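Protein chains in written order, with our numbering: chain A, 1 to 226; chain B, 1 to 247.
Hint data in this document are derived by calculation from the structure and do not stem from the laboratory.
Small disclaimer: the values here were computed from a predicted structure and weren't measured.
The beta-carbon is built from N, C-alpha and C at its ideal position, and this holds for glycine as well.
Accuracy of the hints is not assured; some may be wrong.
Said to hold, decoys possible - Cβ-to-Cβ under 8 Å is the rule here; a few derived chain B residues that face chain A:
1) Arg72
2) Gly93
3) Val97
4) Arg102
5) Ala105
6) Ile109
7) Tyr128
8) Pro169
9) Asn170
10) Gly171
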Amino acid sequence: MKWILQFFTSSIGQKIIMSLTGLFLILFLTVHLIGNISLLFQDGGASFNAYTEFMGHNPVIQTVSKGNFLFIFLHAIQGILLYFKNKSAKGSKYAVSPKNNVSWASKNMALLGTLILAFILMHLGHFWLRFKFFSDMPSIAYDGVEILNAYESVSIIFSNPIWVICYLIGLVALSFHLWHGFASAFQTLGINHKKYTPILKGLGYGYATLIPLGFAIIPLYMYFTN
Amino acid sequence: MKLTLKIWREGGVYANGKLETYQVEASEHMSFLEMLDVLNQQLIEEKKDPVAFDHDCREGICGSCSMVIDGRPHGPQTGTTTCQLHMRHYKNGDTIVVEPYRAKAFPVIKDLVVDRSAFDRVIQSGGYISVNTGQAPDGNAIPIEGDTAAKSFDAATCIGCGACVAACPNGSAMLFTSAKVSHLGLLPQGKVEHERRSQKMVAQMDKEGFGMCSNVGACEAECPKEISLENIARMNRSYIGSVFSSE
Ligand code: HEM
Ligand code: SF4
Ligand code: FES
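Using the sequences and the hints, build the whole thing.
See the structure below:
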């Protein structure tokens, strides 16, 4: 078993952790956005509430959700570790900062990641924490069955312009993180090919633009239609 | 042309290192190193300590002439070593800042000279083919596909200058190590030990204290031999593959 430990503490192994957890989070974000689109349906929250009810009580989803927490944690811890190790491997700085055209995001992944982490904590505080642990959450009855009115909670948060701005900032950070991160994750796995790398890069730029944009539409729409 | 040079001095009277300003009169036909020679001649005549810098072949093949010129390893000209950089790229009155490579694994010895023996140890750990060569084999005795030979040759052009490490914000040596791994691993003679070689060289690279690759690409942009990031992916593939498939 020593080899496993050796692998995951090697430079490439540590990057594999970043890459695989990052790709899982990319998959998660896609599913998360598809579900959240139901917030935009003009049905007083019926579809969104049904969706949260399903997600909250499905054992498979609940297991995946625990994995998701674990992977965010792993990705963040490993990312912060990488940052400090790399900083010390560089040692001192140049008097003249280099003027090459490498992407800003690629050099600031840890800063962007920390912003995303702050965003995730705020987001969990807004919804997950309350849904899970607060007893006085609004509820609503459909066909006589009383369920959590998650829609109501979301629209309360998104009626506050400060929260809306905080969400938008978090999403901009996410967009930059993925602008570099998406294609980078494949390069880390050793996937670099004359035919496919340009496609992966294109997909990455598309993903980094469209997914955060999709998420951003929700608070904006809810704020302006409330 | 008259130039103002700001050069990093370290060692001797400059214990902690600092940028020192000099004036030099150069001609546009000089190489960057010849311009530094003029400065050093001037310093010697003034009974001052000349600037220490590494150089050997002065024709772009040995990889000695390590320095960072205005924030770029080997200066502003892409695909060019410092010794092949000519002063015609500068104009009268320019100010040029010259610093040593910066990376924990490349400690400064004096002024612009850094200790790059970490690269030698990475090579010693696996950058070879362990078969007796015997007599020189017939040129085309082993058929090698043209593109593969070209890729191997491209990787083999790495001169071990260390500009990749100097350019990398993480002080990572992945481009250098992967160039060596690819150069040997792509050819039939080197393929035999390819995976073992990746493991050994990566282990030594880590031990030397180089940083981890964030796929920034500054190395590829600054490499005087334009070594491609493809090599890093190739090394990652063989490293991952060998860790999981070897016994
Ligand atoms: C949902 C949120 C997130 C997603 C989808 C995501 C995705 C990714 C991806 C795909 C990569 C590229 C991996 C590679 O280069 O192989 C990456 C890198 C990185 N992430 Fe995240 N990430 C997220 C959140 C975070 C958080 C919360 C942190 C916390 C600090 C973080 C820190 C980093 C760092 C430092 C890197 C660069 C690692 C390196 O190459 O040196 N990320 N991320
Ligand atoms: S990869 Fe390029 S920059 Fe790095 S040592 Fe080789 S020639 Fe120099
Ligand atoms: S002195 Fe040999 S490459 Fe510049």
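We went through each hint and held it up to the structure:
| no. | hint | result |
| --- | --- | --- |
| 1 | Arg72 | holds, 6 Å |
| 2 | Gly93 | violated, 18 Å |
| 3 | Val97 | holds, 5 Å |
| 4 | Arg102 | holds, 5 Å |
| 5 | Ala105 | holds, 7 Å |
| 6 | Ile109 | violated, 14 Å |
| 7 | Tyr128 | violated, 21 Å |
| 8 | Pro169 | holds, 5 Å |
| 9 | Asn170 | holds, 4 Å |
| 10 | Gly171 | holds, 4 Å |
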